[in-house]
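Student: Sequence:
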Amino acid sequence: QVLGSLFYAYYIFVRLCIPQFHNSSQETFSLRGLVLCIFNSILPGVLILFLAFFAFLHCWLNAFAEMLRFADRMFYK
Numbered sequence: 005q006v007l008g009s010l011f012y013a014y015y016i017f018v019r020l021c022i023p024q025f026h027n028s029s030q031e032t033f034s035l036r037g038l039v040l041c042i043f044n045s046i047l048p049g050v051l052i053l054f055l056a057f058f059a060f061l062h063c064w065l066n067a068f069a070e071m072l073r074f075a076d077r078m079f080y081k
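Numbering (the numbering used here), first residue to last: 5 to 81.
Treat the hints with care, as some may be off.
[Said to hold, decoys possible] Distance windows between CB atoms, simulated: (1) N44 / M71: 36 to 42 Å; (2) N27 / A56: 39 to 45 Å; (3) N66 / L40: 36 to 42 Å; (4) R36 / Y12: 39 to 45 Å; (5) F57 / N27: 26 to 32 Å; (6) L20 / L65: 37 to 43 Å; (7) E70 / S29: 44 to 50 Å; (8) C63 / L38: 34 to 40 Å.
For the record, the hints were derived by calculation from the structure and aren't laboratory data. Idealized CB from N, CA, C, for every residue including glycine.
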């Protein structure tokens, strides 16, 4: 799941974020272009943030808990 999250975050970054900033580098700088670039990057950024939280907090830390034999059911006892 961690690798799947990383590959999906890479896919989102390559398909949605990089073209946005590549196109903005060819235009002259303006406030309108900056605002459009930021607003078009908000949704991919939030998706990558959710994937990072899922990959690290859920998958990675749960894998260490299982390896250390400290599963969730043992936490509440």
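Student: Look at each hint and say if it fits the structure.
Tutor: Results of checking the hints against the structure:
1. N44 / M71: 36 to 42 Å: 41 Å, holds
2. N27 / A56: 39 to 45 Å: Violated, at about 25 Å.
3. N66 / L40: 36 to 42 Å: With a Cβ separation near 39 Å, N66 and L40 satisfy 36 to 42 Å, so the hint holds.
4. R36 / Y12: 39 to 45 Å: 31 Å, violated
5. F57 / N27: 26 to 32 Å: 29 Å, holds
6. L20 / L65: 37 to 43 Å: At roughly 28 Å between Cβ atoms, L65 and L20 fall outside 37 to 43 Å, so the hint is violated.
7. E70 / S29: 44 to 50 Å: 45 Å, holds
8. C63 / L38: 34 to 40 Å: This hint holds: roughly 35 Å between Cβ atoms.
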